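Asker: Take the given structure of chain A and dock chain B to it, following the hints.
Listed in order, the protein sequences are those of chains A and B.
Each step along the first sequence adds one to the number in our numbering, with nothing skipped, and position 78 is 66.
Each step along the second sequence adds one to the number in our numbering, with nothing skipped, and position 180 is 232.
Check the hints yourself; a few may be wrong.
Unchecked claim - The calculated label-pair distances, taken between Cβ atoms and stated as ranges, are:
id, chain 1, residue 1, chain 2, residue 2, range
1, B, Phe294, A, Tyr125, 34 to 44 Å
2, B, Asn256, A, Arg158, 37 to 47 Å
3, B, Ala249, A, Ile48, 52 to 62 Å
4, A, Val63, B, Lys57, 34 to 44 Å
5, A, Arg75, B, Ala252, 27 to 37 Å
6, B, Leu347, A, Thr(-8), 47 to 57 Å
7, A, Arg158, B, Ile223, 49 to 59 Å
8, B, Phe294, A, Asn173, 35 to 45 Å
9, A, Ile48, B, Arg262, 47 to 57 Å
10, A, Arg75, B, Arg370, 36 to 46 Å
Unchecked claim - Some, not all, of what chain B presents toward chain A, calculated at C-beta under 8 Å:
id, residue
11, Ile167
12, Leu178
13, Ile309
Unchecked claim - Chain B regions said to be covered by chain A (calculated; three or more residues, Cβ under 8 Å):
id, region
14, 59 to 73
15, 118 to 124
16, 216 to 229
17, 296 to 308
Note that these hints are calculated values from the structure, not bench results.
All figures in this text were calculated on a predicted structure; none of them were measured in a lab.
Glycine included, C-beta positions come from ideal geometry on N, C-alpha and C.
Chain by chain, the residues:
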Amino acid sequence: MVETLAQAVINGLLIGGIYALVSIGVTLIFGVVKIVNFAQGEFVMIGMYISFFLANQFGIDPLVSLLVSMPVLFVIGVLIQHFLIRRVLGPNDMPQIFLTFALSLLLLNLSLMFFTANYRTVHTSYSDEAFHIGGLYIPVAKLIAFVVAMALSGALWLFLRTTDLGKAMRAASQNRDVAMLMGINPNRVFCVALGVALALAGAAGSLLMPFYSAYPFVGQTFVLMAFVAVVLGTLGNVIGALVASLMMGVAESLGIQFVGADSGLLVVFAMLLLTLAFKPNGLGGGRAR
Amino acid sequence: MAFSKLNLLWLAIAAMVLIALPQVVKSSFAVDIFIRILLFSFIGVAWNLMGGYAKQLSLGHAAYFGLGAYTSTILQVNYGISPWIGMVAGGVVAMLASLPIGWLCFRLRGPYFTIATIATAQVLMLIFLKFRDFAWGAEGTTIPNLGSAPLMMQFEGKAAYYYVVLGLLAIGLVITSVIEKSWMGYYLVAIGEDEDAAEAIGVNAPKIKRDIYMISAFLTALAGTFYTQYIYFIDPATAFSFSISIEAALVSIVGGIGTLWGPVIGTVLLETTSALLQSWLGGSVGGIQLTVYSLILMAVILWRPTGLIGVAREAYQRYIRRQPARA
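Next up, chain A with everything else stripped away, as it sits in the complex (with noise of 0.2 Å):
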């Protein structure tokens, strides 16, 4: 039992690590843009292509096309909010809300109509490989996945603190007026961070490719994660949202062990209205909205 439990958190614990990624990208943009990308998943998916077709036509391995997936979201992220978004920012919420969700309906009809509703999957040479401990099973995959993850979540809070430019997408998030006043170019820091939010959701993708099929709607799935991870992490808060994904892969991976295979999904959105009842603004506590 007590075993069960622990392999249990330990998986969670694992998936929570991409989960991570994703919403730290979701609470990114928040923060410093003032928009929901309703998007991210769909990004997500592209990383994972891109690591597929590397790996199918050049045996590349997904860990390797990491290097590939990242820059080339970071620059879709840029021309995205340089040519899309910064067009309706705004008081409107319309048009934010359904620019991105536009988005996010392309990008997913697209790969369906180029790529076909298949499953596609990479099989490296880890892929089935695990460590065992103790009785314990931790498959070699989702341990790297979990290890990067944490690493560029942790150079994002590096870049954040430390270098000018994190810096000034942090004052621009606490408040982009002063910001604009004191010399911050708002359009070049909302760039960097649309460009650094669909490299994490890339990085993601390609973290993804060695144990996780890629298929259109594979992003839907992430990216309702995210939400609920970023409103129970507070929105637009970083850390809190890495917490907050750790405890979700938790929470789904008990609700899949205890309640039921098929309850993944039932879990997370009943975590959502829960938040939403008893917690709107986050377990931080915090200022909705």
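Answerer: Below, chain B without anything else, positioned relative to chain A:
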């Protein structure tokens, strides 16, 4: 005064054309497209009451569509109660369901309200999928075909279905135009413009939002019953389909958000595009319909956020200005 008489004349002509349409056009394919246009116009009108006027941008209206569909179907299949009664019962169930759902979702504003509404519709779908003894589970059920039974909302030929959904759309439009001109309509627009400012001048925003959500849910549920009767089949994936929530919002935004005729005009454009695509490509390419929809939506948001109605109004204004002033 002459202006409103002119409007009434146009309305009468449009009504006569719409009533005559299925008598003139006999192609069952064409009538099917007309029914889809009227149905989604009606769903759009129901969405627009809350999403358009009060700017509460829900992407979870499939919840009420599904509740309406399941209520009438359970009453009909298990208890033999006519879907005409079931339709109203479904509307009441949806109205009651909108109270707790609204209580939850209205705690959030803007994009997070939208996300919460998505979640509630998905939870309802999962509930109907998971609890099999409750309502047939994932495989759904077919509606027993009684042939021609108008009292059970079953008709021979598609023309009768056309008139039913035309009637629903007319009800939706009348309700919208009454609300639009009442104090409630102004309150809704005030909430949509700036909720805090509206509350500051004494608008009871939570109550107004709750009431309009109930009306919107009721109407959406009627569409659910109609659709199930029309296709003789129900399962959680079609009744609570996310694409219904999407289309309800899309037709309103593309046509003109927060306007009486916006959802109708948006549906005519989107459904016609979809029908043309299907006849060109034979419906073989998955994803093409929503690809085109999302491109249209992006174009509208980036260039004409007031929708097609806004475009038409601008053109009309330019036309008026170009007319030489009469002596």
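Asker: Decide, hint by hint, whether the structure agrees.
Answerer: Going through the hints against the structure:
1. B:Phe294 with A:Tyr125: 34 to 44 Å: Taking Cβ atoms as reference, phenylalanine 294 (chain B) and tyrosine 125 (chain A) lie about 36 Å apart, which means the hint holds.
2. B:Asn256 with A:Arg158: 37 to 47 Å: 39 Å, holds
3. B:Ala249 with A:Ile48: 52 to 62 Å: For isoleucine 48 (chain A) against alanine 249 (chain B), whose Cβ atoms are near 56 Å apart, the range 52 to 62 Å holds.
4. A:Val63 with B:Lys57: 34 to 44 Å: Once the Cβ atoms are compared, 59 Å apart, the range 34 to 44 Å for lysine 57 (chain B) and valine 63 (chain A) is violated.
5. A:Arg75 with B:Ala252: 27 to 37 Å: Holds, since arginine 75 (chain A) and alanine 252 (chain B) (Cβ atoms, about 31 Å apart) stay within the stated range.
6. B:Leu347 with A:Thr(-8): 47 to 57 Å: Since the Cβ atoms of leucine 347 (chain B) and threonine -8 (chain A) sit about 49 Å apart, the hinted range of 47 to 57 Å holds.
7. A:Arg158 with B:Ile223: 49 to 59 Å: Taking Cβ atoms as reference, arginine 158 (chain A) and isoleucine 223 (chain B) lie about 53 Å apart, which means the hint holds.
8. B:Phe294 with A:Asn173: 35 to 45 Å: At roughly 38 Å between Cβ atoms, asparagine 173 (chain A) and phenylalanine 294 (chain B) fall inside 35 to 45 Å, so the hint holds.
9. A:Ile48 with B:Arg262: 47 to 57 Å: 55 Å, holds
10. A:Arg75 with B:Arg370: 36 to 46 Å: Violated, since arginine 75 (chain A) and arginine 370 (chain B) (Cβ atoms, about 24 Å apart) do not stay within the stated range.
11. Ile167: Holds: closest Cβ of chain A sits about 5 Å from isoleucine 167 (chain B), inside 8 Å.
12. Leu178: 5 Å, holds
13. Ile309: 7 Å, holds
14. 59 to 73: This one is violated; 0 residues, fewer than the three required, reach chain A with a Cβ under 8 Å.
15. 118 to 124: violated (count 0)
16. 216 to 229: Violated - the region 216 to 229 of chain B has 0 residues with a Cβ nearer than 8 Å to chain A, which falls short of three.
17. 296 to 308: holds (count 3)
Hint violations for this structure: numbers 4, 10, 14, 15 and 16, all remaining hints satisfied.
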